[in-house]
Amino acid sequence: MVDQQEQSGVAVRQSIVVDAPPDRAFTVFTQRMQSWWPMESHRIGGKPITDLVTEPRAGGRWYERAEDGSECDWGRVVAWEPPARVVLTWEISHDWRPAPEIRTEIEVRFTPEGDGRTRVDLEHRGLEAFGEHTAQMRGIFGSDGGWGGLLKRFAAAAGGAG
Amino acid sequence: MTALGDPTRQAIFERLVERPRPVGELAGELPVTRPAVSQHLKVLKDAGLVIDRKVGTRRVYQVDPQAVADLRAYFDAFWDQSLAAFRDAAETEEKRDG
Chain A
1 MVDQQEQSGV
11 AVRQSIVVDA
21 PPDRAFTVFT
31 QRMQSWWPME
41 SHRIGGKPIT
51 DLVTEPRAGG
61 RWYERAEDGS
71 ECDWGRVVAW
81 EPPARVVLTW
91 EISHDWRPAP
101 EIRTEIEVRF
111 TPEGDGRTRV
121 DLEHRGLEAF
131 GEHTAQMRGI
141 FGSDGGWGGL
151 LKRFAAAAGG
161 AG
Chain B
1 MTALGDPTRQ
11 AIFERLVERP
21 RPVGELAGEL
31 PVTRPAVSQH
41 LKVLKDAGLV
51 IDRKVGTRRV
61 YQVDPQAVAD
71 LRAYFDAFWD
81 QSLAAFRDAA
91 ETEEKRDG
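Chains A and B, in that order, give the protein sequences. Here my numbering is used: the first residue of the first sequence is 1, the next is one more, and so on. Here my numbering is used: the first residue of the second sequence is 1, the next is one more, and so on.
FYI, nobody ran anything at the bench for these hints, they're computed from the structure.
Partial list, computed: chain B residues near chain A (C-beta under 8 Å):
{"#": "1", "residue": "Gln10"}
{"#": "2", "residue": "Ala47"}
{"#": "3", "residue": "Gly48"}
{"#": "4", "residue": "Ala67"}
{"#": "5", "residue": "Asp70"}
{"#": "6", "residue": "Leu71"}
{"#": "7", "residue": "Asp76"}
{"#": "8", "residue": "Arg87"}
{"#": "9", "residue": "Glu93"}
{"#": "10", "residue": "Glu94"}
From the three backbone atoms N, C-alpha and C, an ideal C-beta is built for every residue, glycine too.
Excised from the complex, chain B in its bound form:
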C-alpha cells in the first residue's frame, strides 16, 4: 500500500462503486492495458476494498460492501458528533441574543 491515491486505481474503484464489472470492461473504459487493470484490482483486493466472483468464464469485481459500510460509518459518526455540537451552539446563541 505504498502507492496510495494512484489515479488509475482511484478510477477503477469509482467505477466499481457504480456497479460490478469484469476486468475486460474496465480495461475498455480506461487508458490502460488489461494486465495493468488486473494488477490494480489485485492491490484493491489485497487492501480489502473489492471482492471478486466467477461468473461463467469471467471474473467480476465489485466493491466490498463492508468497505463502503466502514467508509459511511466513519462519516456518520463524524457528522453525528459535529451536528450535535452545532445544535448546542445554535441554541446557546439563540437563547443569549434571541
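Pulled out of the complex, with its shape left as it was, chain A reads as follows:
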C-alpha cells in the first residue's frame, strides 16, 4: 500500500504542464474559470450559468452565477497564495447539487518549470466524505451522461492541439 490514504483519506492527484507562467496559470485557473470549466454539464443551481467566481482571499466564497443573476455556493476559499497555491472546499454532491454536508477539498499548486512554463499539481482529497453517495456515483460514472467529454478531449489532442 502506498501513502494514498494515510494523511488525507481518499484522494486523487493530477498534474499538467502548461505553456504559460505561474501568474497567468493561477489567474486563468482561479479568476477565469468560466473559460475552461465544463459549465454546461457541471453546475449545481439548475439554471444556465455565466460565471464561476472565486473571491480572491482566504475565507472568500466560491460560487456560480446564473444568467438571472442568482448565485449558488460551491464552497469556500481556504488558502489564497497567488501565484503559488490555492485551496478550495468543494461542497457539491455526486449529482451536482449544493451539499455543505459533503465537504471535500481541492488544493492546486503552481510551480515554475522554466521557459515560462508551469507545472500545475491538483489534489482533490477527503473524498470519503461522499460515503454512501459513492454507490450513486458509480451509476453515473457508468452511464452515458458521464464522461463522454474525455473522448472529445482525445479527439482534440489527436487533431494536433498538443
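Chain A is fixed; fit chain B onto it per the hints.
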C-alpha cells in the same frame, strides 16, 4: 437506499476508510448501540461499499477496495478532462496577451 447521507453511516464509512474495524470497536467510538452499528453496516454492505470477513470469532468490516477505486476513477476522469481544458485556456490567453 432511501436514507442516503445518514450521519452515523457516514461516520462509520469514514472510519472504515482509515482501517478495517470490528463492529464492537465502531460501537465503542460512536454514540450508537452495537445493533444499530450492525444495521448501518448491513446497509453499507448491501450498497456494495463495505465487505466483511471473519477473523476468529469476530467479523471485521472494511471498505470495498472496488468502491474506493470507483470513487477515485470518477474524479480522476473529471480532473483529467478539466485540467486539459484549463491548459488549453491558459495557453490561448498566453499567446494572445503574452
